[in-house]
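Listed here are the chains, written in short residue letters.
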Amino acid sequence: MHLLYQIFIDPFVQMGTAPDLFVQTLWEGLVTGVLYSLIALGFVLIFKASGVFNFAQGIMVVFAALALVGFYEHGVPAYLALGLTIVLMLILAFAVERLILRPLVNQAEIILFMATFGLTYFLIGFGELIFGGDPKVMISGALGLPSGSYQIKTLGGFVQMQKIDIAAAIIASLMVASLGIFFQKTRIGRALRAVADSHRAALSVGISLEQIWVIVWFAAGIVALATGIMWGARSNVSFALEIIALKALPVLILGGFTSIPGAIVGGIIIGLGEKIGEFYWGPLFGSGIEDWLAYVIALVFLLFRPQGLFGERIIERI
Amino acid sequence: MFYREAGQFKTTYAADSALFPILQDKIGIVLILFVAFILVPLTASDFAIDSILTPILVFSLAAIGLNLLTGYTGLLSLGTGGFMGVGAYACYKLATFFPGINIVVLIICSGFFAAAAGILFGLPSLRIKGFYLSVATLASQFFLSWCFIRIPWLYNYNVSASIEVPTRTLFGVPVTGPTATPATRYIVVLAIVSIMTWLASNLIRGRIGRTWMAVRDMDIAAELIGIKLYQTKLLAFAVSSFYCGVAGAMLVFLWLGNAESESFNINQSFLILFMVIIGGLGSLLGSFLGAALIWGLPIVLRTVPGFFNLSIKAATVEHITFMTLGALIILFLIAEPNGLARLWQIGKQKLRVWPFPY
Chain X
14 MHLLYQIFID
24 PFVQMGTAPD
34 LFVQTLWEGL
44 VTGVLYSLIA
54 LGFVLIFKAS
64 GVFNFAQGIM
74 VVFAALALVG
84 FYEHGVPAYL
94 ALGLTIVLML
104 ILAFAVERLI
114 LRPLVNQAEI
124 ILFMATFGLT
134 YFLIGFGELI
144 FGGDPKVMIS
154 GALGLPSGSY
164 QIKTLGGFVQ
174 MQKIDIAAAI
184 IASLMVASLG
194 IFFQKTRIGR
204 ALRAVADSHR
214 AALSVGISLE
224 QIWVIVWFAA
234 GIVALATGIM
244 WGARSNVSFA
254 LEIIALKALP
264 VLILGGFTSI
274 PGAIVGGIII
284 GLGEKIGEFY
294 WGPLFGSGIE
304 DWLAYVIALV
314 FLLFRPQGLF
324 GERIIERI
Chain B
30 MFYREAGQFK
40 TTYAADSALF
50 PILQDKIGIV
60 LILFVAFILV
70 PLTASDFAID
80 SILTPILVFS
90 LAAIGLNLLT
100 GYTGLLSLGT
110 GGFMGVGAYA
120 CYKLATFFPG
130 INIVVLIICS
140 GFFAAAAGIL
150 FGLPSLRIKG
160 FYLSVATLAS
170 QFFLSWCFIR
180 IPWLYNYNVS
190 ASIEVPTRTL
200 FGVPVTGPTA
210 TPATRYIVVL
220 AIVSIMTWLA
230 SNLIRGRIGR
240 TWMAVRDMDI
250 AAELIGIKLY
260 QTKLLAFAVS
270 SFYCGVAGAM
280 LVFLWLGNAE
290 SESFNINQSF
300 LILFMVIIGG
310 LGSLLGSFLG
320 AALIWGLPIV
330 LRTVPGFFNL
340 SIKAATVEHI
350 TFMTLGALII
360 LFLIAEPNGL
370 ARLWQIGKQK
380 LRVWPFPY
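Just so you know, the protein sequences line up as chains X and B, in that order. Positions 14 to 331 (the working numbering) are the ones given, in order, by the first sequence. Positions 30 to 387 (the working numbering) are the ones given, in order, by the second sequence.
Keep in mind that the hints are not guaranteed to be accurate.
Derived pair list, reagent style DSS-like, types lysine-lysine, alpha-carbon separation capped at 25 Å [claimed, not checked]:
1. B:Lys55 - B:Lys379
2. X:Lys61 - B:Lys158
3. B:Lys342 - X:Lys149
4. B:Lys158 - B:Lys257
5. B:Lys39 - B:Lys257
6. B:Lys39 - B:Lys55
Just so you know, these hints were derived from the structure itself, not from any lab.
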């Protein structure tokens, strides 16, 4: 009885008695969710266009962030370093297309998935070799990103909002909007969607698969760079970030592998659910439930909607 | 010339469907078992046995477990490490509760606990498949890892949060714990792995294995010809987790000697998945080859600079090992997406028609 009370009643009482704390938790969840969304976005871009489940997205985030900091530390001005990193991501996209995707064209999904694992290992080794394994501080100041925080007095207490988080939310929405316009309105965007629908049909109307793949990997690289900057500004840039790629998986499940809005909504649901669950229910189970709560939320969703929130309906034929 | 089945006629169905229908194969397997059981323990150094052979065998068994699920039933799982952990912790608790029972029996029994966990986490597999299912298994991985840290009962409230293996004997010879020699532990591991591999090979050649493969190739069609999907998939999860659980128990009891939750984290799952895919999906031999390659490669890469008297910093070697491993995985996938087992098949075919090209 006491346990039931603790599970079903007590957390809500806590939310009611300290609404400012609740709003603070909501905000934290929202911001984490936005960052998850950004990583999921990179996954979705590549999955849509090439059917590759890109496990390396997480390490691409780290790699981009490390490269940016690395260039800056070698005396390159911040904005030039940003440009150089973008060029580096373009080179990476070309290399991936030429060395991994092209020889493996027409292979089973799981083989391509494994290949991105190989890429992950390679990038971990390569990144540590060049930039060293130590955590680095993101150059958010030099890039003109705001620091400090707002304190909003409300609900009998106050809610603290980091300026960088607000910037992250704005940048994320801008990025999603521009990607949406890119996909819907431009010539290349249409070609991308055609490739996503059917490789063979796209080829037959004269769309170059190779070119499309480079473009999506490059786009995913830029998304990775943005994610790296935002995440790096909140904590540090280190290889521990690589694990967040795994956090993007439940987000993808929720949103569906092929839906950009799904990635955003899924990310926010997971972020909110995780923070609220950890804060209000975590102490009951001895904390740390953040590690698996996201997966359980996704799992429950899956049981009701196997194709995710926005995913296309799966129709199977013999 | 030497490897040819010409002239070996089968007169009964039993002979035709034997595990090794060709005489040369029979001789080969006897030779391999002879070398593994008798020559290796007598001649190999403790280092070779303890840091190369035993782990390869243990990981092979885990890879076989995953292969039964992923390669034969087509259900991608990323929770192998968690199921291995269930086996290990179950074995530890069993050894605590029943100190009198033979340790080998306990190791096998702990597989049943892992199988139960496998069934529990395999429940979503009817509704979801492919990558979606892999995320469901990832949930089990993270949940189990969390349990291994947060439930102190599992490690007997040990301050270091790790499990330490007590000394147990088999026929009066210590097989677990600090006093057991690497060679003894190796032989026990080898015996368990050989028997379980033999069981697995019979399982997949029989009715159960065929239903698994039917589900893998197309589950709707399998359902239409009367295979009960749910039971088949859950059985695959159970058997697979059983193998992983036994492998996990052996990992701790017969190889490492102690372990923490770290030994069964997500990286372990990925490592086993590498072994299965590099070795070849749907091949028992592939599981062994994959385990040998993935485990052996870093060791080889680490010793190479020593040969040339290059003094490279340890950290640098580690990074280069990572890079090379990644590059090699990609290379192997490009060269032979069906894994090492397929290369072996090709080689065997070449041998069969030698000296002619085809």
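Checked hints:
1. B:Lys55 - B:Lys379: With Cα atoms ~19 Å apart, Lys55 (chain B) and Lys379 (chain B) stay inside 25 Å; holds.
2. X:Lys61 - B:Lys158: holds (18 Å)
3. B:Lys342 - X:Lys149: It holds: about 21 Å lies between the C-alpha atoms, which stays within 25 Å.
4. B:Lys158 - B:Lys257: Holds, at about 16 Å.
5. B:Lys39 - B:Lys257: The given pair, whose Cα atoms are some 35 Å apart, is violated under the 25 Å limit.
6. B:Lys39 - B:Lys55: Measuring from Cα to Cα gives roughly 15 Å; hence the hint holds.
The structure is inconsistent with hint 5 alone, although it conforms to all the rest.
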